[in-house]
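Protein chains: 2
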Amino acid sequence: MSQHDDTRVIGIDLGGSNVRAAVVNAQGQMLARDQGITPADEGSEAIVKSILDSVNRVLGQAHLAASDLSAVGLSCAGLSNPETGILYTSPNIPTLKDVPLAGLIEKELGKKVFLMNDANAAAVGEMHLGAARGARNFIYVTLSTGIGAGVVIDGKIYAGSTGLASEPGHMIISDEGPECYCGSRGCWEPLASGTALANYARRRIQEGIKTSILDYVDGDAERVTAEVVHRAAQRGDALAKEVIARTAYYVGVGLANLINIFNPELIVIGGGLSNIGDMLLEPAYEEARRRAFSQMSDVVRFARAKLGEDSGVLGAAVFALGEL
Amino acid sequence: MSQHDDTRVIGIDLGGSNVRAAVVNAQGQMLARDQGITPADEGSEAIVKSILDSVNRVLGQAHLAASDLSAVGLSCAGLSNPETGILYTSPNIPTLKDVPLAGLIEKELGKKVFLMNDANAAAVGEMHLGAARGARNFIYVTLSTGIGAGVVIDGKIYAGSTGLASEPGHMIISDEGPECYCGSRGCWEPLASGTALANYARRRIQEGIKTSILDYVDGDAERVTAEVVHRAAQRGDALAKEVIARTAYYVGVGLANLINIFNPELIVIGGGLSNIGDMLLEPAYEEARRRAFSQMSDVVRFARAKLGEDSGVLGAAVFALGEL
Chain E
5 MSQHDDTRVI GIDLGGSNVR AAVVNAQGQM LARDQGITPA DEGSEAIVKS
55 ILDSVNRVLG QAHLAASDLS AVGLSCAGLS NPETGILYTS PNIPTLKDVP
105 LAGLIEKELG KKVFLMNDAN AAAVGEMHLG AARGARNFIY VTLSTGIGAG
155 VVIDGKIYAG STGLASEPGH MIISDEGPEC YCGSRGCWEP LASGTALANY
205 ARRRIQEGIK TSILDYVDGD AERVTAEVVH RAAQRGDALA KEVIARTAYY
255 VGVGLANLIN IFNPELIVIG GGLSNIGDML LEPAYEEARR RAFSQMSDVV
305 RFARAKLGED SGVLGAAVFA LGEL
Chain U
5 MSQHDDTRVI GIDLGGSNVR AAVVNAQGQM LARDQGITPA DEGSEAIVKS
55 ILDSVNRVLG QAHLAASDLS AVGLSCAGLS NPETGILYTS PNIPTLKDVP
105 LAGLIEKELG KKVFLMNDAN AAAVGEMHLG AARGARNFIY VTLSTGIGAG
155 VVIDGKIYAG STGLASEPGH MIISDEGPEC YCGSRGCWEP LASGTALANY
205 ARRRIQEGIK TSILDYVDGD AERVTAEVVH RAAQRGDALA KEVIARTAYY
255 VGVGLANLIN IFNPELIVIG GGLSNIGDML LEPAYEEARR RAFSQMSDVV
305 RFARAKLGED SGVLGAAVFA LGEL
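Protein sequence lines, in the order shown, are assigned to chains E and U.
Numbering of the first sequence is given in the working numbering, commencing with residue 5 and proceeding in unit increments.
Numbering of the second sequence is given in the working numbering, commencing with residue 5 and proceeding in unit increments.
All clues given are correct.
Same chains, same names: a pair is fine if it fits in one copy or spans any two.
With a straight-line cut-off of 20 Å between C-alpha atoms, the simulated SDA-like cross-links for lysine to any residue are:
1) 101 / 303
2) 160 / 140
3) 101 / 302
4) 245 / 229
5) 214 / 224
Simulated from the structure, these hints should not be mistaken for laboratory data.
Bound-form chain E, shown alone (with noise of 0.2 Å):
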C-alpha cells in the first residue's frame, strides 16, 4: 500500500442478507460506508442493481464519482474464480450460478473489479490491519453459516491452480458424517459450522431433551440459532452446553488438519459462531493440539480476528490496493 493519498478504491460485501459498500483510502481507512439488501431470491440483475446502487450511495457521502476509484474489490461468499471475475456458486445466493459479476459491474462502473471469495477477502484484511498483522504463512478461517478460509503463503492468498483454493469447509473429517450441500457427506461445514450446531441443537429437541433454549424462542424449535444456544449455554442449560462442547470438537478436529497440512504460524478465526468466544475456542484449541503433532501444534498461534463485519469491505479494499 504505497499508492499516493488521494488513491480511493471501494470494497464491496455481498453477503445472503446484506450488501456492504465502502470507500477506502490507501492507509486502508473507511472513509465511508454504506448498507443494503442483497435481494437473494431475484437473480443476478436485481443483485448488481443494489451493488451499484449501494456503491453510487456511498460514492455520494464521500464527494466522490466513480471516475475518481483507482479500483473496486468485490468479496462474495463461495466458489468463484479470481481472474475471470465469475462467480460460480453461492452458498447463500442460490440465484447466482455461474454469473460473470466482476464483468458486470465493471462495465457499469468503467473500473477494475477484483472478485474474491469472502474468506480471502478477510484474510488479506486481517493480514494488513487485524490480527495478523506480520504474519507471513497463516490461514484465516470462518466459522459462520458455513466455513470458508483464506490461505496465506509468503503473504499471498493462496489462489491453487485454477483461483478456486482453498475450501477446507468441504474436507471430509467423518466420511460417513452428515450429508452437505456440495454432494460429499462429513465434510467440516455440516458439522462444525453455526448451521451444524443449530441443525444438531434442534434435533436434540425434538428427541425430547428438556432445556432452556426454547425459552429463548417462544417454544419454536425451527427458530433456535447459535446465538439463542449461547445465551442459554451463558446461563449453565446442559443441552446448550452439549451442543457448543460437541461443536468444538468439530471445530478441533479440522483444524487439527489445517496444522498438519499448513503447518502455520497463526490461525486467525472470525465468523458470527466464535462471537460465542472461549467457551467454543478453548476446547477446539485443545482438541486440535491433542490431535496435531506436537512439533506443529507447539508453534501455531491461535487468534480471534479483528475486522468483525467490516472484514469484507476491507479485505477486498485491501486487496484491490494491493492490485495497483
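Since the structure of chain E is already known, use the hints to place chain U on it.
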C-alpha cells in the same frame, strides 16, 4: 539446474530397511549407485555409519572423493526440519528421535547436507525428471507403508512456517476411526496405506472369511501384505477385491480433501501400494471426483509416479542441485 558440467552431488535415501546413495550430475543423471542396510534398531551412530559406508562405496564407484561433491541431499521418511537438519521422528526407524542427522553427516563429509522428508524429495524428483515435468502446482502422494505427500506451489516445495508441512497422511478423514501412531485417530494413513490394507485383510481373515489370500502365505495371516492381497485379487478372490475396494474408497476420500484444499493441477501417486495400479487407483479417483467440487475435480489430472525406487535418491540429489 544450470551448474557446470562437472557438478556432482550425492542423493541419499534413508529408508526403514535400506540406505540408497547415488552420485548425480547437473543434468540429474545417476553416475553411480549403491544400496546398503539400515540398522534401524541400532540407533543414530550405527545408522550414520551405514550412510557413510554407502556414500564412500558410491564415491569409489564414481572415482570421486567427498571433496569433489558440491552438496549432498538426504531424504528420510518422517518429520524433519530442513533448516536445522534435525530429524524429529521417523515412522520406520524408531531409534532416530530428535537427531541432528544432516549435521552429523556434514561433519564427516565436509559438505553441506540438505535433509528433507522423503515425500518432498520424491515431489522434487518427479517435478524435474518424472511425471510432474512442467507442472507448477501439484501434489505428490506416496501410498506406501504410510502415506506421505509433497506439495509443490509455484514450482517450490511448500514447507510451512517451520519446515514441517505437509502431512496429509495425518489429516483426519474419519474422526472416530482407528488409532494412529501419531496420537490421533481416523487419519488418512491408518485407513488408506499399505499397512492399513494388510491389517484390514488380516482382520477379515480372522473373522473367518474364506479366501485364497492365505494360499500365498502358507496359511499364516500375519504374513499377509498388500502385494499378496493384490495377487489374490487378480485371480478373482472376493475378499481380496473387497479389501482393495475399501482401501480405494479411503484413498479417494483423502484425495478429495487435497483437491478441495489445494485446487492442484496435478496429483502424482507413488509408493509401493500404488503398484496395485488401476484396480486401486481408478475407483479412488472416482470417489475423489464424486466428493470434490466439480470445478476443481474437473481440472485436476492424476498421474502415476515415474521414478519408482529411485525417487528418494534422485529427488534428494535434484533438491541439492537446486540449492547450489
